[in-house]
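J.: Work out the full structure, taking the sequences as your base and the hints as a guide.
2 protein chains.
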Amino acid sequence: MSDNGTPPLCVVGTLAFDDVETPSGKRDGILGGSATYFSVAASHMARVGVVGVVGEDFPAEFRAVLESHDVDLAGLEVDPEGSTFHWAGKYEGDMDQAETLVTDLNVLETFAPQLPASFRKCPYVFLANTDPNIQMSVLDQLEDPRLVVMDTMNLWIDIAREPLLKILERVDGLMINDAEAKSLSGEDNLIAAGRALLRFGPRFVIVKKGEHGSFLFSEKRLFALPSYPLETVVDPTGAGDSFAGGVMGFLAGTNAQRVDDVCRAMLYGTVVASFTVSDFSLDVLGSITRMDLDARADELRRFVRV
Amino acid sequence: MSDNGTPPLCVVGTLAFDDVETPSGKRDGILGGSATYFSVAASHMARVGVVGVVGEDFPAEFRAVLESHDVDLAGLEVDPEGSTFHWAGKYEGDMDQAETLVTDLNVLETFAPQLPASFRKCPYVFLANTDPNIQMSVLDQLEDPRLVVMDTMNLWIDIAREPLLKILERVDGLMINDAEAKSLSGEDNLIAAGRALLRFGPRFVIVKKGEHGSFLFSEKRLFALPSYPLETVVDPTGAGDSFAGGVMGFLAGTNAQRVDDVCRAMLYGTVVASFTVSDFSLDVLGSITRMDLDARADELRRFVRV
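Protein chains in written order, with this note's numbering: chain P, 23 to 328; chain E, 23 to 328.
Relax, there's no trap hidden among the hints.
Far from chain E, some chain P residues (derived; all Cβ distances over 12 Å): (1) Asp50; (2) Leu98; (3) Asn277; (4) Thr311.
Taking lysine to any residue pairs in the SDA-like style, the calculated list, with each CA pair at most 25 Å apart, reads: (5) Lys242(P) <-> Phe325(E); (6) Lys143(E) <-> Leu161(E); (7) Lys242(E) <-> Met313(P); (8) Lys143(P) <-> Gln279(P); (9) Lys112(E) <-> Asn199(E); (10) Lys242(E) <-> Pro145(E); (11) Lys242(E) <-> Arg323(P); (12) Lys242(E) <-> Ala317(P); (13) Lys242(P) <-> Glu253(E); (14) Lys112(E) <-> Asp210(P); (15) Lys48(E) <-> Glu209(P).
Think of the hints as simulated: they come from the structure by calculation, not from any bench. Ideal Cβ placement from N, Cα and C applies to all residues, glycine included.
T.: As structure tokens, then:
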């Protein structure tokens, strides 16, 4: 395990073997997981520390992909007893939602994240989708973080609402998709839903709408951004986590945290997600440069200028 | 019939009795129709001439609503043999689509629009959704219009594709919703669909996406605009025609026609549609002022600024 000091940005999330089928093709056993997409997406703008767990079966070449992006793996636990988390899913038609075929939690079932000492003073933290009790235990290990943003999903909204509401009182930002925003808030209208979620505690709420872009809600401003216009989407897997990585990478890389900064960061989240979905796994996301991001961010700015 | 000279903007479309049911309530026999929504929406920015037909049953107070917005009714035919077009529809859930319950074409069945002499040199023309053969006959009556924009719907894409493609070669702009754009182009991806439609002839294509806003496609630029953020939508009827009225009203009112002007005009289309959907019929749309439009257009600009 390397120790390069405290990384400016940490993510707690999954590393996975994915089997993915889309209208463009089928790939088995490819590198996936929320922490994977997040950290590689963010790595173009800030050094990222990963907190997660894999099994002994996690291959050296997958670890090497992360290391090639200077991702700090001091928080990556290898569980000698189990296998790496495995997800299989399928996308059809306009690919707005995955049909999950298999979820083998494996090493995730007993995972209790322990932050390495070097991560505890990390200023920018992303809590990817997981049990809110686990998210809370991570939050308790942090020493005075500057900006904590979390994701969640319908499963936790349904079965763990109480701990979810507790942690929402303690984070700066919530990132969530449109269906989840409606479900968590109990509002049918998305604008009403976003505003209602602010009352749960976060200073800002980002609602991800897939091909329809994203909204930011805060006390002082509402902001809308379309997705980057793509004629072809090969595999939507990882789009949301890449978006989060782009947002948090931009903020950590510029040491920014105001709402206006978050809006600008959403440009980078959107752009990095557009690279992710243009191929399977990290095939494109892993090979782009900061210049590619800047060029598409400029394009996206022109796309919305009026 | 009044003759106030050539209006800067004409619309060929319907005037209707609507029965509408939404989660907010139910109204019967209210004033509706594409030309109605279009002309009142546009009237805040330019004087509009209406070409359409009603029956003897069309009440004086509905005519008075249009006249109170200085709409030129020289092209409004009253068919003594028939009843006014009647539509009944219902919206549920997130109200993204109407379920049509009744369509009584009535006087529309035999309508062959004749432009009054004062309308033939009209520079800005909107051909609302109708049989493309009728749209073509109107186009043939115009003398050198500056900007002609048309709407269409799935019915004509399915049963009148040939005349539709012919008229597309002759108009400047096409306004169409997302499902229609995909169906007409044969493309599943909306960005690919918009680009494909440009190849049918129009200089620009505006794709309306309801609550998700709108796209503009042209050779030289793509443009995206979200819808105005509303917490409550009472009745979506007329949103698309109001949008068209806002766009064309802005262009006719400023004598503009470049693609960048069309993008700015979409701000006004979006804003005027947001007033339309906040109540039934013209209950709000009919009572706003140009200042209300400008204020929301400024808000919408701030909503997308990054």
